[in-house]
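Enquirer: Here is how the chains run, residue by residue.
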Amino acid sequence: MNILVVLRMIPDSAGELQLAEDGRSIDREWLDFQLNDFDDHALEEAILLKEAGGAKVTAVAVGEGTNRVLQMAAARGADEVVALQAEEDAMISSREIAASIAAMARAKSADLVLCGVQSSEDVFGQLAPYVGALLDWPHVSGTNRIVANGAVLRVTQERGAGVAVTYELATPAVLGVQTASKAPRYVSGSKLREASKTPIGRAAPESSGFERSAEIITLRLPVQGGSGENLGGDAETVADRLVSILAAKGLARN
Amino acid sequence: MKLIACTEGHSSKIEAFSLEMIAAARSIAQAGDEVVAFFAGRDAEGASASFGAADRLIVARATKLDVIPAETYAVLLRDVVTAESPGLVLVPYSANGLDVAADIAARTGWPLISYVNEIKRHGESLTIVAQMYGGKVLADCEVQLPAILMINPGAFAEAAPGPIAAASVQTIDAEPTLASGKVRMVAIDVPDYADVDLTTAERIVCVGRGIGDEASIDLARNLATMLGAEIAGSRPVVDNGWLPKLRQVGKSGQKVKPKLYLALGVSGAPEHLEGMSQADLIIAVNTDPKAPIFNVAHYGATCDLFDLVANLSDRLRAGSGR
Ligand SMILES: Cc1cc2nc3c(=O)[nH]c(=O)nc-3n(C[C@H](O)[C@H](O)[C@H](O)COP(=O)(O)OP(=O)(O)OC[C@H]3O[C@@H](n4cnc5c(N)ncnc54)[C@H](O)[C@@H]3O)c2cc1C
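In the order they appear, the protein sequences are chains A and B.
The first sequence maps to residues 1422 to 1675 in the working numbering.
The second sequence maps to residues 3 to 324 in the working numbering.
If you are wondering where the hints come from, they were derived from the structure by calculation, not from laboratory data.
Do not rely on the hints blindly, as some may be mistaken.
Chain B is faced by these chain A residues, among others (derived, beta-carbon under 10 Å) [what the hints assert, rightly or not]: (1) 1473; (2) 1488; (3) 1630; (4) 1658.
Each computed EDC-like pair below joins lysine to aspartate or glutamate, with the alpha-carbon atoms no more than 16 Å apart [said to hold, decoys possible]: (5) 1670/A <-> 204/B; (6) 122/B <-> 1636/A; (7) 4/B <-> 36/B; (8) 292/B <-> 1650/A; (9) 184/B <-> 1557/A; (10) 247/B <-> 194/B; (11) 184/B <-> 1589/A; (12) 261/B <-> 282/B; (13) 292/B <-> 1433/A; (14) 292/B <-> 1437/A; (15) 292/B <-> 306/B; (16) 1477/A <-> 1501/A; (17) 184/B <-> 1532/A; (18) 257/B <-> 282/B; (19) 1670/A <-> 306/B; (20) 259/B <-> 204/B.
From a predicted model like this one, the values you see are computed outputs, not experimental measurements.
Backbone N, C-alpha and C define an ideal beta-carbon position, used for all residues, glycine too.
Turn these sequences into a full structure, and let the hints steer you where they fit.
Expert: This is the structure we're talking about:
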C-alpha cells in the first residue's frame, strides 16, 4: 500500500497572534510554526499502518519549517519526504493546496491519503473532503482508528457524545484523521540526526482550479472578556475570591 | 433564491443544530426566497414534525441505518443541489458536515466558508464572520453567491420546532444510494453511561492540556472531590489517555450544563465551548489572558493553575475542618 500523508505547518495558536499591517492576515514574522496537531496524528497513523501490514509512506509538508518536520517524519518512519512549495508568508488554505495534493496522490500511485481532520487555517474548507472529491475517492473525516486488511479499510469515526461509528471502505481513499490509534511517538535525537541525511524532494504547486473563492476582508481579535470578571493573576487572591464566590452561590461543598 | 438548510438526526433523535441551520437560513431569506430543509436518515417522521420553520422539506429516507455515512449524505445532497440550484447551502459543523461541505464545494466549484458565526446579506453577496486559530481570531469574509457555509453549532438560536405541512414534504428513497455507496457502516458503539454521566453532573472541574502530564491530574481530581465535582477533560487530555473518553467535554465529547464549571488550563477552542458554554457558572484559569475561554467565563483568572489548585485546595480543606 502506498500512503501519502500531508503535514501542514501552522502558527502556534498557544502563542500570541498579532495582526499584520494589511489587516487581512496575521503577522507571521515572529511567529513559531508547528506541525498541525491533527496532521501529527495522521503521520502516526500512517506509520502504524506501515508497521502493521507494510506500506510505503510518503510525507508531503507545506509551510514554514518543512525541512525540520520532514526530517522528523523520516525519523519516525516515512520512506520518502517531499516539500510542497507554497507562497511565502501566506496562510495555508486547504482549498488552495487540495489540487496539488490530489496530483501528488496520482503521481505517487497512492492508495491512501491521510491528513489531519482540520487545521486552524482551513476557513475555506477542509483538506480531506476537497482531495477526496477532486480524486472522486471516498473520504471519511474524524477518524480515531484505521485498520487495513489488504485493500479494505475499517475506520472508526467519532461523533458527538462519545458515540463511535465504524465504516468499511476500499482503497483508494482519503481519511481526515482526528486521533491516531496510538499517541504520536517520540523520536530520539540520534534518530533525528540520522534522518537529517534523508534527501528532501521538492514539488511545485498546481493551480487550485477554483475560479471563485471567498475572500478575507479583515481579521480581528475578538473583543476580550465578554461580561466576565477578571480576578487577576495572583493565585492567593484568586483562591480567596473563589471561596467566597462559591460560598455565595451555595457551591462550596456543604 | 433557494436556501438549503442541511439537517441531521441519528437513531430517532433530531440534532438540535438542525433547527439552527433553518434559523440561519431564515435570518437572511428575503421576500420570495424559499428555505428548503434537507434531511437524510431514518427519522423522517421526526423531521416532518420538527422542521416547520422551513418552507419545504426534502427527506432522503433510510429504512435500516441509524447513521448515514457522510459519503452517501453528500451524494444525496449533490442531487438536491443540482435539481434545486440554490443560492446558498448551509451545512452544520458536525462530524457529518466536515465531510459534506467541502465535498459539495469541490464538485460545484462554489466558494465555501467554514466555522461561521454570523451572516449578513447584501443582494448577491454575503459578509460573514468566521472563526480561525481556535477562536483566537475572527475573519470578516466576503463571498458571492452561490456559496456554501459551514456553520458553528450554537451560533444561531434554534428555530421553533413544529410540524411542516405534508404537502411541503418531498420524500426520496435513500436506500439505492446507500446500497451503492462506497462507504459502508458496520457498527455503532454507544458508550455505557453507568459509570459517569457528565451531562447530569452539577459541578465539573475540567482540565485542559495546561495540566501538563498525567500525574498532575490527581491534583485536579482531589480538588474536584473537595468541591463535590466530577473531573472532566478537554480532548487532548483524553487523547493522551489521562482521562477516559466519557469524561471528555465538547463537540466529540459530552455537552454539559452544570451549575459550576471550573476550567483549568483549557484554551477554549470552539469545539470545547460547544460542550460547555451554557454552564450556569464558568470559572476559567489560564495563564494566557487572550485565551478564548475567557470570552465565556463569568470569572477568569490568569494565574498558574497549579498555584490556584494548591491555594484553593488549602482553603477548602481548612474550611471543612479537615
Ligand atoms: C471535529 C473536532 C472535534 C473536537 N472535539 C473536541 C471536544 O469534544 N472537546 C475538546 O476539548 N476539544 C475538541 N476538539 C479539539 C479542539 O479543537 C482543541 O484542540 C482542544 O479543545 C484544545 O484543548 P486544550 O484547551 O486542553 O489545549 P490547548 O488549546 O493546548 O490549551 C491549553 C491551555 O492551557 C494554558 N496553560 C498552559 N499551562 C498553564 C498553566 N500552568 N496554568 C494555567 N494555564 C495554562 C495555555 O495558555 C492554553 O491556553 C475537537 C476538534 C475537532 C476538529
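Enquirer: Now, for every hint given, state plainly whether the structure supports it.
Expert: Checked hints:
Below 10 Å, beta-carbon pairs count as interface contacts, and residue 1473/A has none with chain B, the closest being about 19 Å; its hint is therefore violated. Because the beta carbon of residue 1488/A sits about 24 Å from the nearest beta carbon in chain B, more than 10 Å, this interface hint is broken. Hint on residue 1630/A holds. Least Cβ distance to chain B is approximately 8 Å, under the 10 Å limit. About 9 Å separates the beta-carbon of residue 1658/A from the nearest beta-carbon of chain B, less than 10 Å, and the hint is met.
Distance check on the hinted pair: residue 1670/A and residue 204/B sit about 13 Å apart at the alpha-carbon level, within 16 Å; holds. At most 16 Å may separate the alpha-carbon atoms for a hinted pair to count; residue 122/B and residue 1636/A meet this at roughly 15 Å. At most 16 Å may separate the alpha-carbon atoms for a hinted pair to count; residue 4/B and residue 36/B meet this at roughly 5 Å. Distance check on the hinted pair: residue 292/B and residue 1650/A sit about 14 Å apart at the alpha-carbon level, within 16 Å; holds.
This hinted pair checks out: residue 184/B and residue 1557/A have alpha carbons roughly 11 Å apart, not beyond 16 Å. For a cut-off of 16 Å, the pair hint linking residue 247/B to residue 194/B stands: about 11 Å separates their Cα positions. Taking the CA atoms of residue 184/B and residue 1589/A, the gap is near 8 Å; set against the 16 Å cutoff, the hint holds. Restraint check for residue 261/B and residue 282/B: satisfied, since their Cα atoms lie roughly 5 Å apart, inside the 16 Å limit.
For the hint linking residue 292/B to residue 1433/A, the alpha-carbon distance of about 14 Å falls within 16 Å, and the restraint holds. Pair hint residue 292/B plus residue 1437/A holds up; C-alpha atoms about 8 Å apart against a cutoff of 16 Å. In summary, the hint linking residue 292/B to residue 306/B is supported, as the alpha carbons are separated by about 14 Å, within the 16 Å threshold. At roughly 8 Å between alpha-carbon atoms, residue 1477/A and residue 1501/A fall within 16 Å of each other, so this suggested pair holds.
For the hint linking residue 184/B to residue 1532/A, the alpha-carbon distance of about 15 Å falls within 16 Å, and the restraint holds. With a CA separation close to 13 Å, the supplied pair residue 257/B and residue 282/B stays within the 16 Å bound. Only pairs whose Cα atoms come within 16 Å are accepted, and residue 1670/A paired with residue 306/B is rejected, the gap being roughly 24 Å. Our distance criterion of 16 Å between C-alpha atoms is met by residue 259/B and residue 204/B, whose separation comes to about 8 Å.
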